[in-house]
Amino acid sequence: MRRKYILAVMILVATGLIFQALRFYSGRPDASMLLTLAAEHRHDLCYSGTVRTNIDYGGRTISAMTRVSHSADGERIEYVSEPLSGMVVVTHDGEVQTYRPELNRTLVSRSAAATATKQKTALLLRNYRARIIGQEKIAGRDTYAVAVTPKRRGNPSKTIWIDKGTYQVLASVDTSANGTMRSQMRFEQVEYLPHLSEETFLLPAAARVEIEAPRSLETLRREMGFAVTQPDYIPEGYELDGYRLYNCECDCGHRSALIRYSDGLNGISIFMQPKDDPCGSGHCGIHEQKSEGSCEVSDCRQVKLGAARVGDKTVVVVADLPKEEIERIANSIK
Amino acid sequence: MIKCKSIKKLLSDYSAGALGAGQMSRVEEHIGSCEACCSELARIEQVTALVETLEEREPPAGLWNGVYNRITQPEPKRSWWQGGWGWPRRLVAGAAVAAAVVAVAFSTLQRPASLPVTANSAMAEYVQGHAILSGQDPFSDRVSLGSLVWAAGETSGNP
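Here the protein sequences come in this chain order: A and B. In the numbering used here, each residue carries its 1-based index in the first sequence increased by 1. In the numbering used here, each residue carries its 1-based index in the second sequence increased by 2.
In isolation and in its complexed conformation, chain A is listed as follows:
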C-alpha cells in the first residue's frame, strides 16, 4: 500500500515537471517573469512614439493624444490634442515635472529610484496573479497580453500588453476595484532610437511649485505641528511607501502631511492637515465643517475619497478601494 502511494506521488511530480518543461521549451514565457522583465528593462529602452489614452473622471471621458519619448536619462510625455494640448510631463534627474501652460506653472515631485522599482514589482507579484491571456499586434509589434488580477477581493486589476522583443509596455487597461474601466492607453506608433538629445527634457520657463517632498515621520510632525500617525488599519498586502510633505498646487502655502501605501499596483494616499485650515485661496482643503467621527466618501470613478475629522486634524483617504475599506482606514486613525 505504501509503495503504491509513493509511486502515485512520483508520477504526479514527474507529470508536473514534464508539463513545465514542455511549457518552457514551447517558447511560451511565464507571465510573472514577463512582468519582471518589463519592469527591469523599462529604464534601458530608448524610443519615441505616439500614445492614445482615455480616462473616466467624474463620469466624463477625457481622451488625449500624446507624443512619448523615453531613454535611460528620462521620459517626456507631451499632450498634443485638445483640451490638454501643451501640457508636458518630464521625468529627468530624479524629478517629475508637470508643466501646465494654462497656469504657467510647473509642478515638481520626486521620481522613483530604480531599487524601488524592483521592490514594487516583487510586492506586486505577491499581491496579484499574472497570466498570459493572449497575443496581439500593437503598433506593428508582437505582444503578450498579461492579465494582472488581485489575490484579494476589493482591489483593482490591470491588463498589460508587453512587447515580445523589448518587454516594453505598449498598451494597458486599468480596471477599478468595482469592475469599471478606469483608464486605457495604447501606442499607435513606436520607433526605437539609439539615443535622445538633452533638449528632449527641457520645459518652457514657468513658476516651479514643489508639490511634494519626502520627509521622515519626526520631521513631518514637527513641520505640521500635530501628531501625524499611521492608521491602525490598512488592508492586507499594502506596505508603507513613505511620508511626504504635500504642498497646495496653487502655491498658497497650504500644506498636508501625506502617508502613502502601495501593494505594487494600487496605492493609498492619506492626507492630514490641521482642522479648520482650508486653503486661503479656497482652492483646496475641506471647506465644510465635518463632525467628529463621521467619514464622508465620494467617488470620482478614478478613486474614492473619504474625508473625516479626527481630533485636531482633518484626514482625507484617497484610494481605489471599496467604500467600506476607505471608511475603515479613516476611522482607524487616532
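Calculated from the structure, these hints are not laboratory results. Everything hinted at is true.
One-sided and incomplete, this derived list gives chain A residues near chain B with beta-carbon spacing under 8 Å:
#1 R43
#2 G59
#3 T67
#4 I78
#5 M88
#6 K121
#7 I161
#8 S173
#9 Y247
#10 L259
#11 R261
#12 V298
#13 S299
#14 R302
#15 V319
#16 K324
Derived list of chain B stretches under chain A, where covered just means 3 residues or more per stretch with a C-beta under 8 Å from a C-beta of chain A:
#17 123-133
#18 137-144
Beta carbons: idealized from backbone N, C-alpha and C, even for Gly.
Use these hints to put chain B onto chain A, whose structure you have.
Same frame as chain A, but now just chain B:
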C-alpha cells in the same frame, strides 16, 4: 329534506315520462304534499315546453366526421415532463423559483449601494496629489495619470 333532495333528482325524468312505475308513484306521492318540489316540477315543465317551441336545426356538414376523427385519433405519447402538472414539472418549477429567490437575495445582500459619481473642487487637490505619486509605481499608466492631473485641476477652478 333528504327526501326532497332525492326526489328533485327524479323530477326531470318524471316530466319526460322516463321513470319506472315504482319511482313514478314515489314522486307523485311526494309532490302531492310538497309545495317546493311541486314548484320545481312546474319550472321543469315550463322549460321543456319552451324548448319544444324551437325549430329543429340541421348540424353543419362534417360535424360528425370531425367528432369521429377526434375520438378515433391515437393519443400522442407524452414524456414524463409533459404529463400535465404532475410532480416532475412542479418539482422543477419549485426549484427554479427557490433558486431565483436565493439569487436575488444573495445579490442584494452582497452588492453594496454604489456611490454617485462626482468630481468637484473639494476633491481635486487630493486626486491630483494621489495621481502624481501613483506615477512612481512601475506599471503605472503615466500617460493617463497626466490626463487625470489635468482633469482634477480643471474641476478645482485653479486661481
